[in-house]
Amino acid sequence: MSAPARKDLPEAREVCPTTSRRLLAEGALLVDVREAAEVNQRAFAGCEQLRIPLSEFEHRWAEIPRDRDVILACAVGQRSLKATYYLMYQGYDRVMNMQHGLQRWAARGFPVTGDAVGAPMAADGCCGGAEPATEASACCDTAKAPASGCCC
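Sequential numbering from 1 applies to the sequence shown in the UniProt record's numbering.
The hints are simulated quantities; they were obtained by calculation from the structure and are not laboratory data.
Simulated crosslink set (EDC-like; lysine to aspartate or glutamate; CA at most 20 Å straight-line):
| no. | residue 1 | residue 2 |
| --- | --- | --- |
| 1 | 82 | 93 |
| 2 | 82 | 38 |
| 3 | 82 | 69 |
| 4 | 82 | 56 |
| 5 | 7 | 93 |
| 6 | 7 | 58 |
| 7 | 82 | 63 |
| 8 | 82 | 8 |
| 9 | 82 | 58 |
| 10 | 82 | 11 |
| 11 | 82 | 35 |
| 12 | 82 | 14 |
This one's a predicted model, so the numbers in the text were calculated from it and none came from an experiment.
Put together the whole structure using the sequences plus the hints.
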């Protein structure tokens with residue numbers, strides 16, 4: 001048995017939350033690939049969305065329409081990038097990944113439901129630590145971010 005043919009894919013298109021918000025207002029669909037517990041804590045708001053956790057993606061990806069722009073998102077843009085490439089491999093050509101995901105979306109003040117302030121933040125100001133942020137913008141406050149810049 002021979003190995004399946006390798007499919008070379010172009011680089012995935014990535015868009016920032018600001019561009020994502022504009023595209024969503026113009027009719028794009030947001031696909032949130034975070035797990036249910038994450039969505040229950042804090043979620044995107046103000047846009048049409050489909051929730052397909054990455055753990056279910058292999059079985060549910062066909063629910064995503066091919067005939068419109070689709071923005072995939074997660075907490076910080078890593079899982080959604082995997083899902084973007086998966087869809088590209090399946091032949092989708094109108095998909096893009098939201099860079100920095102919900103962390104940056106919320107930091108920009110865009111609509112969310114749930115806990116907008118309790119984003120995890122490490123002692124060095126970097127998102128993803130064990131301590132909750134003390135204010136909605138703390139995650140990307142450059143005065144609190146590490147020397148390399150904001151990491152969310």
